[in-house]
Amino acid sequence: ADSSDADVELPTIRHQPEGLEQLLAQTKFTKTELQFLYRGFKNECPSGLVDEETFTLIYSRFFPQGDASSYAHFLFDAFDADRNGALCFQDFAVGLSVLLRGTEQQKLKWTFDLYDVNKDGCVTKEVTVGNTGGLVGWEHPDGDLPVPYVPQDMLEIMKSIYAMMGRCTKPILGASAPAQHVELFFQKMDRNRDGVVTFEEFLATCQE
Numbered sequence: 001a002d003s004s005d006a007d008v009e010l011p012t013i014r015h016q017p018e019g020l021e022q023l024l025a026q027t028k029f030t031k032t033e034l035q036f037l038y039r040g041f042k043n044e045c046p047s048g049l050v051d052e053e054t055f056t057l058i059y060s061r062f063f064p065q066g067d068a069s070s071y072a073h074f075l076f077d078a079f080d081a082d083r084n085g086a087l088c089f090q091d092f093a094v095g096l097s098v099l100l101r102g103t104e105q106q107k108l109k110w111t112f113d114l115y116d117v118n119k120d121g122c123v124t125k126e127v128t129v130g131n132t133g134g135l136v137g138w139e140h141p142d143g144d145l146p147v148p149y150v151p152q153d154m155l156e157i158m159k160s161i162y163a164m165m166g167r168c169t170k171p172i173l174g175a176s177a178p179a180q181h182v183e184l185f186f187q188k189m190d191r192n193r194d195g196v197v198t199f200e201e202f203l204a205t206c207q208e
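Residues in the sequence shown are numbered consecutively from 1, following UniProt numbering.
FYI, nobody ran anything at the bench for these hints, they're computed from the structure. Be careful, since some hints might not be right.
As the list claims (entries may be wrong) - Here are the in silico distance ranges between beta carbons for each label pair:
#1 Arg-193 to Leu-20: 47 to 53 Å
#2 Gln-187 to Gln-22: 41 to 47 Å
#3 Val-196 to Phe-74: 15 to 21 Å
Claimed, not checked - BS3-like mimics (lysine-lysine), calculated; alpha carbons at most 30 Å apart, straight line:
#4 Lys-109 to Lys-42
#5 Lys-109 to Lys-28
#6 Lys-107 to Lys-119
#7 Lys-119 to Lys-109
#8 Lys-109 to Lys-188
#9 Lys-31 to Lys-109
#10 Lys-28 to Lys-42
#11 Lys-188 to Lys-119
#12 Lys-31 to Lys-107
#13 Lys-42 to Lys-107
#14 Lys-109 to Lys-159
#15 Lys-119 to Lys-159
#16 Lys-28 to Lys-107
#17 Lys-119 to Lys-28
#18 Lys-159 to Lys-188
Where a beta carbon is used, it is the ideal one built from N, C-alpha and C, also for glycine.
Work out the full structure, taking the sequences as your base and the hints as a guide.
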């Protein structure tokens, strides 16, 4: 290989990387595209690994008008497939391949996993006492406490998206907007009204 190829070799063995041929099989990128992506990855992260703090700093550059730190946290978790607290080039390449070149179902599964914050395989509608998120008058179905029913996984994601967009939202939205947005969407997805959204329900709703 010439010197230009040497400059974009995959990460050193200490990070136990997948080989180039394996990445070609795992992703829908060409060899040239993988080499280009790795050059950029290596430039930003010479060690070959990215922790959450570094990932947040890099991602926040794209959203200077708001606070992207919360959304970056969820995005980092989505890319960190092996849950080891650090992203290697393989994590980045495989995740990016799904987002850019994946099938509709693969992209929706990736999105569902992003919403599934606690990674239990579903998005659950939980009772939250005290913090209504600006929503009032929601009654507990059993007639007990007047507490809101809000899907916490998606609510946290939605709050982080609103915070990230910052001044870009026009008109300026009130504090209740994320919870209202999520509640309407959750009602549509929870087809059997059991308070839990499975991937199958999510997929069926999104493909309508």
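These are the hints, each one checked on the structure:
About 49 Å separates the C-beta atoms of Arg-193 and Leu-20, a value consistent with the hinted range of 47 to 53 Å. Range check, Gln-187 to Gln-22: Cβ separation about 43 Å, and the 41 to 47 Å hint holds. One distance hint, 15 to 21 Å for the beta-carbon pair Val-196 and Phe-74, holds here, with the actual separation near 20 Å. For the hint linking Lys-109 to Lys-42, the alpha-carbon distance of about 28 Å falls within 30 Å, and the restraint holds.
For the hint pairing Lys-109 with Lys-28, the CA-to-CA distance comes to about 17 Å; that is within 30 Å, so the pair holds. A threshold of 30 Å between alpha carbons decides the hint, and for Lys-107 with Lys-119 the separation of about 17 Å falls inside it, so the pair holds. A threshold of 30 Å between alpha carbons decides the hint, and for Lys-119 with Lys-109 the separation of about 12 Å falls inside it, so the pair holds. The suggested pairing of Lys-109 with Lys-188 holds, with an alpha-carbon distance near 18 Å, which does not exceed 30 Å.
Of the pairs offered as hints, the one joining Lys-31 and Lys-109 holds, with about 26 Å between alpha carbons and a cut-off of 30 Å not exceeded. Restraint check: the Cα-Cα separation between Lys-28 and Lys-42 comes to about 20 Å, which is no more than 30 Å; the hinted pair holds. Note on Lys-188 and Lys-119: the hinted pairing holds, with a Cα-Cα distance of about 21 Å set against a maximum of 30 Å. With a CA separation close to 22 Å, the supplied pair Lys-31 and Lys-107 stays within the 30 Å bound.
Of the pairs offered as hints, the one joining Lys-42 and Lys-107 holds, with about 26 Å between alpha carbons and a cut-off of 30 Å not exceeded. About 21 Å separates the Cα atoms of Lys-109 and Lys-159, which keeps this hinted pair within 30 Å; it holds. Between Lys-119 and Lys-159 the alpha-carbon distance is near 19 Å, which keeps this suggested pair within the 30 Å criterion. In summary, the hint linking Lys-28 to Lys-107 is supported, as the alpha carbons are separated by about 13 Å, within the 30 Å threshold.
Between the alpha carbons of Lys-119 and Lys-28 the distance comes to roughly 26 Å, so the proposed pair stays at or under 30 Å and holds. Among the hinted pairs, Lys-159 with Lys-188 is consistent with the structure: their alpha-carbon atoms are about 19 Å apart, no more than 30 Å.
Checked against the numbered hints given earlier, the structure satisfies every one of them.
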